[in-house]
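Participant: Sequence:
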Amino acid sequence: VEWSVSGACIVMRKRDHDDAGPIDLRIGKIVGKRWQIIEKLGEGGCGSVYKVQDIHTMAKAALKAESNCIAGGSVLKLEVQILKRLQGRRYVAQLLQSAKRTLYSYVVMTLYGHSLNFLLRRCRCCSTSTQVRVGINILYGIKQLHEVGFVHRDIKPANLAVGRRGKEVHVIHILDFGLAREFILNNSAGNVEIRPPRSRALFRGTVHYCSTNTHARKEQGRADDLWSMLYVLAEMKGPLPWDRIRGDEQIGRVKSETSDAELFQGSPEELIDVSFAFFCSYK
1 VEWSVSGACI VMRKRDHDDA GPIDLRIGKI VGKRWQIIEK LGEGGCGSVY KVQDIHTMAK
61 AALKAESNCI AGGSVLKLEV QILKRLQGRR YVAQLLQSAK RTLYSYVVMT LYGHSLNFLL
121 RRCRCCSTST QVRVGINILY GIKQLHEVGF VHRDIKPANL AVGRRGKEVH VIHILDFGLA
181 REFILNNSAG NVEIRPPRSR ALFRGTVHYC STNTHARKEQ GRADDLWSML YVLAEMKGPL
241 PWDRIRGDEQ IGRVKSETSD AELFQGSPEE LIDVSFAFFC SYK
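Per UniProt numbering, the very first residue in the sequence shown carries number 1; after that it's consecutive.
Please note: incorrect hints may appear among the correct ones.
Derived pair list, reagent style DMTMM-like, types lysine to aspartate or glutamate, alpha-carbon separation capped at 25 Å [what the hints assert, rightly or not]: (1) Lys40 / Glu168; (2) Lys29 / Asp54; (3) Lys40 / Asp54; (4) Lys237 / Asp260.
Computed spacing ranges between beta-carbons, pair by pair [said to hold, decoys possible]: (5) Ile30 / Lys77: 20 to 28 Å; (6) Gly238 / Ala59: 33 to 41 Å; (7) Ala277 / Lys60: 37 to 45 Å; (8) Pro239 / Lys40: 26 to 34 Å.
Bear in mind the hints are in silico, worked out from the structure with no lab data behind them. Here a beta-carbon is modelled for each residue, glycine too, at the ideal position from N, C-alpha and C.
Required output: the full structure, derived from the provided sequences and hints.
Facilitator: Below is the structure:
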């Protein structure tokens, strides 16, 4: 199983208050009087993910945790907020439990199977049928997130995963909402309105899959999630034109110069129409 990790790393031994360095939760430890740590699935600069088991039902799940001593606020707090809004919806991760302990906070969610990133490494070029079905799944997942008022800002193969059993094995689910941002607000009259875009935004996302708007440090909206989806789908037919290029500016320039025909070579021509529609929405 491959996981994309966000959040901050767990602190389980004595440390200085401002040190949120990574260490491990002990295998076999029971968290929240329910979840037993089975194995570590992944660790990033700011978080750890574990495979856990419900001690009552033996059901498997994923536990993501972060230190309570991180600068810049809690990523998991935002993720829990989003997961609560998405509860019961398909194509997205489901929240099972969350809590704040003395030294760390954690969230337990559905355990999924392989990431799309793992599957694409095994199969470098997918059939058009698979490409279309994956696209439909991703689109539905993005739609669910947008309906609750958030843009993901980091749609990429590592944040997409199939289910573990039954029909869910054929369903792509969106994971990791650590970089998401709310795009709707309640105004003073109590009405919902679109959040005003910032004149310049910090870079959020993954250079390989982000939109040209993101390279230009513009505020990301719903269309930017869809651009990332298109890049993911294009990559299912082969390496993207900027695959071997390094550097934010250089990749952004190649993206701007790449024609739709080149980007979607071997893909259904309808993707070119969709790409053109997204391009027009930027104007």
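Participant: Now tell me, hint by hint, if it's right for this structure.
Facilitator: Going through the hints against the structure:
no., hint, in the structure
1, Lys40 / Glu168, "holds, 23 Å"
2, Lys29 / Asp54, "holds, 12 Å"
3, Lys40 / Asp54, "holds, 16 Å"
4, Lys237 / Asp260, "holds, 14 Å"
5, Ile30 / Lys77: 20 to 28 Å, "holds, 23 Å"
6, Gly238 / Ala59: 33 to 41 Å, "holds, 39 Å"
7, Ala277 / Lys60: 37 to 45 Å, "holds, 41 Å"
8, Pro239 / Lys40: 26 to 34 Å, "holds, 31 Å"
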